[in-house]
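*Asks:* For reference, the chains in residue letters:
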Amino acid sequence: MSKLLEIALGIVTGIGGFLEAGSLATAAQAGASFGFQLVWAIALGAVSIAFLVEMAGRLAAMSHHTLPDAMRERFGIRFFLLPLITVSLVSFLVLASEISGVCLALQLVTGVPLRWWALPVAGALWFVLWKGTFGMVEKGASLLGLVTLSFVVGALKLDPPLAEIGANLLPSLPAHDGAKYWFTAVSIIGASVSPYLFYFYSAGAVEDGWDEDYIGINRLVSGMGMTFGGVIAVAALVCAALVLKPHGIEVDRYEQVPLLLTSPLGRWGFRLFVASLAIACFGAALEIALQLAYLAAQGFGWRWGENLRPRDAARFALVYTVGLPLAGLVTVLGVDPLKLTIFSMALTALSLPVTVLPLLVLMNDPLYLGDRTNGWVSNAAVLAVSVLACLVALVAIPLQIVGN
Amino acid sequence: MQLGRAVLDQQVLDAEGRHMGKVDGVILAWHTGEPARVSALVIGGTTLLWRLHPRLAAWAERRRGGEGHVTRVPWRSVLTIGVDVKVDIASEPSPALHWEHWVRDRILRRIPGA
Amino acid sequence: MTIAPVVRAVLTAALLTASAGCNRPAEKARKAAQTLRSWDATLALLEAEAARDAVPQQYVGQLRRAAGEERSRALARLRESGGP
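Residue numbers (the numbering used here), protein chains in the order written: chain A, 1 to 404; chain B, 405 to 518; chain C, 519 to 602.
Bear in mind the hints are in silico, worked out from the structure with no lab data behind them. Ideal placement from N, C-alpha and C gives every residue a C-beta, glycine not left out. Honestly, I wouldn't trust all of these hints.
As the list claims (entries may be wrong) - Simulated crosslink set (SDA-like; lysine to any residue; CA at most 20 Å straight-line):
1. K245(A) - G266(A)
2. K339(A) - R597(C)
3. K339(A) - Q576(C)
4. K131(A) - R508(B)
5. K549(C) - G403(A)
As the list claims (entries may be wrong) - Calculated from the model, a selection of chain C residues having no Cβ within reach of chain A, i.e. all distances over 12 Å:
6. K546
7. A592
8. L593
9. L596
Take the sequences, apply the hints, and build the full model.
*Replies:* Structure follows, in structure tokens:
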């Protein structure tokens, strides 16, 4: 495949794969409650994940190691266990929320309550991983995910004040509901800077056999893919700001969110919303389930690879075979999908230092990166966002729990 | 060579280049008058637990009645040490893949399409 | 670990602020009233969308049910905090 096509495909994959349960739910809540004020949080999240994904790709291309692989080697088993357990727990919760997102889409369309869909959806996900190849999973899900561009179409139809939106790329202080504002901001960051994204990306780079020649491609793909993906999240926020906020509607239930697209796009808006929710969450769930398996297998040296048949990578396959129904069980037990999603995003933000710092240390190690170690700007930017997000989350999460 | 950096926790590839496990431990041998030499790499078993906490490992060994399925790769079988550690041993007959095969045969075999 | 005392301090500060700010009945009542208004507006928007056939009937039923559940929860909170 020509390099240009690879770049294009990579960028499109990044765009199609950006929006999922977390970014949609947080954008909808942000737009409904605070209008355009939190656009800066989405932008900050998108830029941060672009940096992190680029780093994970560079690590894979230069060292031919995936992130968990390199982490175990560099830090030894003791220090590896902490990020391993943290990322696994957080990713598991996010997986559960993605599954609940698919279930909700199915409920919206059929009327059958979402709890009934949880195990069938987990089964369908498992089947795709069991039978599918890496390319199929990554490219297929993300290309189909381009349906989320519906939010951009919807937002444009609502005649958005672009100058005002642009002005909100700069952070501002909330005029009301300070606790909720910062909690929402932190959840948005957590939704964008999900560890599964850069862990999965590093596995993908190794599965695709990247080497030093791919450094440039990697930069373009991660930068543009994540930035344009972030535009879709902003579009969802704009829809909420223009449809819900003028009526004083706050998003407390997922069932309210289709209104974001029915207002500008009518009945087609409803269909596109359901399709977007189902596909985006299904694709994200596939990636997270795979990522959990990669994490364990690469950390402990098992055979791994989505292109291998399950019998050739038994323990790897076992992880997602067990993980998926367990994650589905959370929805079966009746946990509210919106609350589950928002909280797993906030927890992601809280755990960012633990999940991001190992990558950052590796990125400054010439043993792995050769002469392509991080510049001080990348280090400072990522470190700042991780630590700040964590500190804000430390305060905002208890406040939100107590306030509700 | 710094053993900790270059060898410990590295991925081990078998004679066919497939994943065999991680270097969970290293065995050093002393002979009087000579510096310590690496005599073998250790994969699997309770080796990893010893590095986490000796009590954990002791408990595990009591339960299993031994150190579990340990593979010792003699130093002379180590071909190269670079991104991974390549060894001149077939992984199939060795205990290294014991749990891999156990999962495959006991669990995955029951699922169609494995 | 040395960050543990810092974490404890921050959490204590947060919880103290929270208990000072958010548990007051007036605050609770205000939020519950806001939720009620939000759901009233949701139902109004829903009717408007249904009128122009932008949403299928069974979705209308679902959102109405969700509205019912959330409104009764909000009413309960309002009563608890001794609101109007």
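*Asks:* Does each hint fit the structure? Answer for all of them.
*Replies:* The hints, checked one at a time:
For the proposed pair K245(A) and G266(A), the alpha carbon gap of about 19 Å is at most 20 Å, so the pair holds. Restraint check: the Cα-Cα separation between K339(A) and R597(C) comes to about 24 Å, which exceeds 20 Å; the hinted pair is violated. Note on K339(A) and Q576(C): the hinted pairing is violated, with a Cα-Cα distance of about 23 Å set against a maximum of 20 Å. Restraint check: the Cα-Cα separation between K131(A) and R508(B) comes to about 16 Å, which is no more than 20 Å; the hinted pair holds.
Note on K549(C) and G403(A): the hinted pairing holds, with a Cα-Cα distance of about 9 Å set against a maximum of 20 Å. Not every Cβ of chain A is farther than 12 Å from the Cβ of K546(C); the closest lies at roughly 9 Å, contradicting the non-interface assignment. With 12 Å as the threshold on Cβ separation, the claim that A592(C) sits away from chain A is violated: the shortest Cβ distance comes to roughly 9 Å. With a cut of 12 Å on Cβ distances, L593(C) stays outside the contact zone with chain A, its closest approach being about 14 Å.
Here L596(C) stays apart from chain A, with its beta-carbon at least about 15 Å from theirs, past the 12 Å limit.
When held up to the earlier numbered hints, the structure conflicts with 2, 3, 6, 7 and fits the remainder.
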